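J.: Could you put the whole structure together from the sequences, leaning on the hints where they help?
Line by line, the protein sequences are chains A and B. Numbering follows the numbering used here, with no gaps: position 88 of the first sequence is 88. Numbering follows the numbering used here, with no gaps: position 303 of the second sequence is 303.
In short, the hints are calculated from the structure, not lab data. Given the structure is predicted, the values throughout are model-derived calculations rather than measurements. For every residue, glycine included, the Cβ atom is placed at its ideal position computed from N, Cα and C. One or more hints might be untrue.
As the list claims (entries may be wrong) - Listed below are the simulated DSSO-like cross-link pairs for lysine-lysine, each with C-alpha atoms no more than 27 angstroms apart in a straight line:
| # | chain 1 | residue 1 | chain 2 | residue 2 |
| --- | --- | --- | --- | --- |
| 1 | B | 256 | B | 222 |
| 2 | B | 155 | B | 260 |
| 3 | B | 129 | B | 17 |
| 4 | B | 129 | A | 84 |
| 5 | B | 12 | A | 5 |
| 6 | A | 132 | B | 25 |
| 7 | B | 240 | A | 84 |
| 8 | B | 17 | A | 132 |
| 9 | B | 35 | A | 128 |
| 10 | B | 17 | B | 155 |
| 11 | B | 193 | B | 217 |
| 12 | B | 256 | B | 34 |
| 13 | A | 5 | B | 17 |
| 14 | B | 193 | B | 72 |
| 15 | B | 289 | B | 38 |
| 16 | B | 35 | B | 129 |
| 17 | A | 106 | A | 82 |
| 18 | B | 12 | A | 132 |
| 19 | B | 25 | A | 128 |
| 20 | A | 132 | A | 84 |
| 21 | B | 25 | A | 5 |
| 22 | A | 5 | B | 35 |
| 23 | B | 25 | A | 84 |
| 24 | A | 82 | A | 5 |
| 25 | B | 129 | A | 5 |
| 26 | B | 12 | A | 82 |
| 27 | B | 73 | A | 84 |
| 28 | A | 5 | B | 34 |
| 29 | B | 17 | A | 82 |
| 30 | B | 240 | B | 129 |
| 31 | B | 129 | B | 72 |
| 32 | A | 84 | B | 12 |
| 33 | A | 84 | B | 256 |
What the hints assert, rightly or not - Far from chain A, by Cβ distances over 10 angstroms, these chain B residues were calculated:
| # | residue |
| --- | --- |
| 34 | 90 |
| 35 | 102 |
| 36 | 185 |
| 37 | 283 |
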Amino acid sequence: MSCTKTIRVLIAKPGLDGHDRGAKVIARALRDSGMEVIYTGLRQTPEQIVEAAIQEDVDVIGLSILSGAHNFLFPRVIELLKEKNAQDILVIGGGVIPDEDIPGLKAAGIAEVFTPGTPTSKIIDFIKSHVK
Amino acid sequence: MDIIQSVLNGDKRSIAKLITLVEEKSDDFINILKKIYKYTGRAITIGITGAPGSGKSSLVNKLTRILRTQNKKVGIIAVDPTSPFTGGAILGDRIRMQDLTLDEGVFIRSMGTRGALGGLSRACYDAVKILDASGMDYIIIETVGVGQSEIDIVKLADIVLLVMVPGMGDDVQAIKAGIMEIGDIFVVNKSDKDGADRLVTEIEMTLDLGSSKNSWKPPVIKTIATENYGIVELSENIEKVLKHMMQDDLLNVKRKSRIKQEIISLLTETLIENIIFRYSEKIDMLIEKVLERQIDPYSAMEIIISDVK
Ligand SMILES: Nc1nc2c(ncn2[C@@H]2O[C@H](COP(=O)(O)OP(=O)(O)OP(=O)(O)O)[C@@H](O)[C@H]2O)c(=O)[nH]1
Ligand SMILES: [Mg+2]
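T.: Here's what the structure looks like:
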């Protein structure tokens with residue numbers, strides 16, 4: 001173990017998705033790369049996600065969604081973070097997200113969007129290079 | 001406003017930030033802890049431990065909801081093991097506490113054991129102090145009952161709940177192996193499963209064996225956390241045990257020995273670090289001599305100690 005800060009990541013599933021296999025795979029990969037992953041389970045509201053992120057003082061929020069409500073739910077998380085003065089938290093998204101939606105999400109403040117099939121090493125590298 | 005004042009005011013963002021400072025052993029954290037220490041000592045700390053998956057988080061959730069109906073503020077620290085190989089951890093206790101997230105009077109923090117080799121880290125002890133100073137009435141600490149962390153919980157909690165479930169015969173073996181001393185209350189959770197009554201009887205019998213002269217025996221409570229069954233009884237028993245501890249001055253005795261432990265372990269850590277740092281060359285030289293069998297490790301220690309004196 002090195003003496004750099006342990007990166008803490010909240011993995012959350014907003015919306016009504018029924019399963020979280022993908023999120024769990026990511027969670028394990030992040031753990032194996034030395035991060036602390038707070039996993040909060042299914043069906044989280046943006047309000048719950050942001051409050052949990054603040055209490056856990058995470059560096060990163062990873063949002064995973066399959067149900068198609070990302071265009072509403074992702075920006076809502078960003079908005080709430082701003083309200084709470086916590087926009088320093090990096091927010092990344094994943095799940096089934098059509099390419100044409102990605103620019104809009106990024107404009108809303110999502111740092112990066114990882115679609116299915118992205119190697120987990122890419123996500124890890126992204127987090128490590130973007131967390132101060 | 002400075003972080004100390006905002007923590008004392010109960011600001012959640014500041015509480016969270018200060019816990020991180022402590023976990024990361026950031027520059028000024030000891031000075032901050034010194035300043036908040038005089039505001040601690042008000043909260044009741046409850047430790048909850050038991051085998052993986054026995055229902056600890058579900059119980060914490062339901063217990064917290066009862067405390068909330070009494071308008072008590074509750075801080076929760078959920079500890080999960082850090083991988084000794086990667087330093088990473090999955091902290092999943094929040095899954096069972098989702099519905100507490102937006103409650104104003106609840107603060108939940110998940111922590112890895114980090115460097116603590118299976119036990120509770122220093123940061124965990126300090127996080128309890130931070131929550132205490134922030135005005136929580138109760139602080140609940142959940143640890144997985146494997147190895148050192150369930151022994152450590154005694155050093156942290158005023159009252160320890162030991163959670164067991166029916167159908168895992170090894171539980172009672174564990175009691176017999178001496179784990180039973182740490183429990184102030186025994187919770188038989190998942191008592192919707194076969195064998196709950198038998199487990200209660202087994203625990204009670206084991207407790208009877210251990211307490212010949214002492215009239216006080218820890219209560220054994222059946223619960224089904226998922227159905228909210230037995231939780232009121234559990235919370236009433238917590239109050240009862242606390243009352244008993246206060247009447248007999250046991251709580252003060254416990255807290256006193258906890259402070260002693262803390263001072264001793266701080267002394268030990270600091271002294272050893274100092275010695276190793278100051279005498280590193282000498283130690284290296286002595287290692288060579290021991291390797292050559294010119295001297296033995298005991299004499300090596302005595303040589304270093306006589307220098308320290
Ligand atoms: N049948 C039954 N299931 C329960 C009961 N209490 C909890 N569970 C379930 O047991 C599983 C584990 O519950 P948790 O509360 O996460 O247990 P835990 O001890 O905190 O688990 P770890 O923190 O992973 O060690 C979940 O699926 C719960 O829904 C109970 O009284 N009866
Ligand atoms: Mg748990």
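J.: Determine for every hint whether it applies to the structure shown.
T.: Against the structure, the hints:
1. B:256 / B:222: Distance ~32 angstroms between residue 256 of chain B and residue 222 of chain B Cα, so the pair is violated.
2. B:155 / B:260: 10 angstroms, holds
3. B:129 / B:17: 14 angstroms, holds
4. B:129 / A:84: 25 angstroms, holds
5. B:12 / A:5: 21 angstroms, holds
6. A:132 / B:25: At roughly 17 angstroms apart (the allowed maximum being 27 angstroms), residue 25 of chain B and residue 132 of chain A satisfy the hint.
7. B:240 / A:84: 41 angstroms, violated
8. B:17 / A:132: The given pair, whose Cα atoms are some 15 angstroms apart, holds under the 27 angstroms limit.
9. B:35 / A:128: 34 angstroms, violated
10. B:17 / B:155: The hint holds at about 25 angstroms.
11. B:193 / B:217: With Cα atoms ~25 angstroms apart, residue 193 of chain B and residue 217 of chain B stay inside 27 angstroms; holds.
12. B:256 / B:34: Holds. Residue 256 of chain B to residue 34 of chain B sits at ~18 angstroms (cutoff 27 angstroms).
13. A:5 / B:17: 13 angstroms, holds
14. B:193 / B:72: Outside the cut-off at roughly 32 angstroms; violated.
15. B:289 / B:38: Judged against 27 angstroms, a Cα distance of about 49 angstroms means the pair is violated.
16. B:35 / B:129: At roughly 11 angstroms apart (the allowed maximum being 27 angstroms), residue 129 of chain B and residue 35 of chain B satisfy the hint.
17. A:106 / A:82: 15 angstroms, holds
18. B:12 / A:132: Since the Cα atoms of residue 12 of chain B and residue 132 of chain A sit roughly 22 angstroms apart, the hinted pair holds (cutoff 27 angstroms).
19. B:25 / A:128: 20 angstroms, holds
20. A:132 / A:84: 20 angstroms, holds
21. B:25 / A:5: 10 angstroms, holds
22. A:5 / B:35: Holds - the C-alpha atoms of residue 35 of chain B and residue 5 of chain A are around 24 angstroms apart, at most 27 angstroms.
23. B:25 / A:84: 26 angstroms, holds
24. A:82 / A:5: With Cα atoms ~24 angstroms apart, residue 82 of chain A and residue 5 of chain A stay inside 27 angstroms; holds.
25. B:129 / A:5: 22 angstroms, holds
26. B:12 / A:82: 16 angstroms, holds
27. B:73 / A:84: Holds, at roughly 22 angstroms.
28. A:5 / B:34: 23 angstroms, holds
29. B:17 / A:82: 17 angstroms, holds
30. B:240 / B:129: 24 angstroms, holds
31. B:129 / B:72: 17 angstroms, holds
32. A:84 / B:12: 11 angstroms, holds
33. A:84 / B:256: 40 angstroms, violated
34. 90: Nearest chain A Cβ is 5 angstroms from residue 90 of chain B, so the label is violated.
35. 102: 6 angstroms, violated
36. 185: Holds, since 27 angstroms exceeds 10 angstroms.
37. 283: Holds, since 22 angstroms exceeds 10 angstroms.
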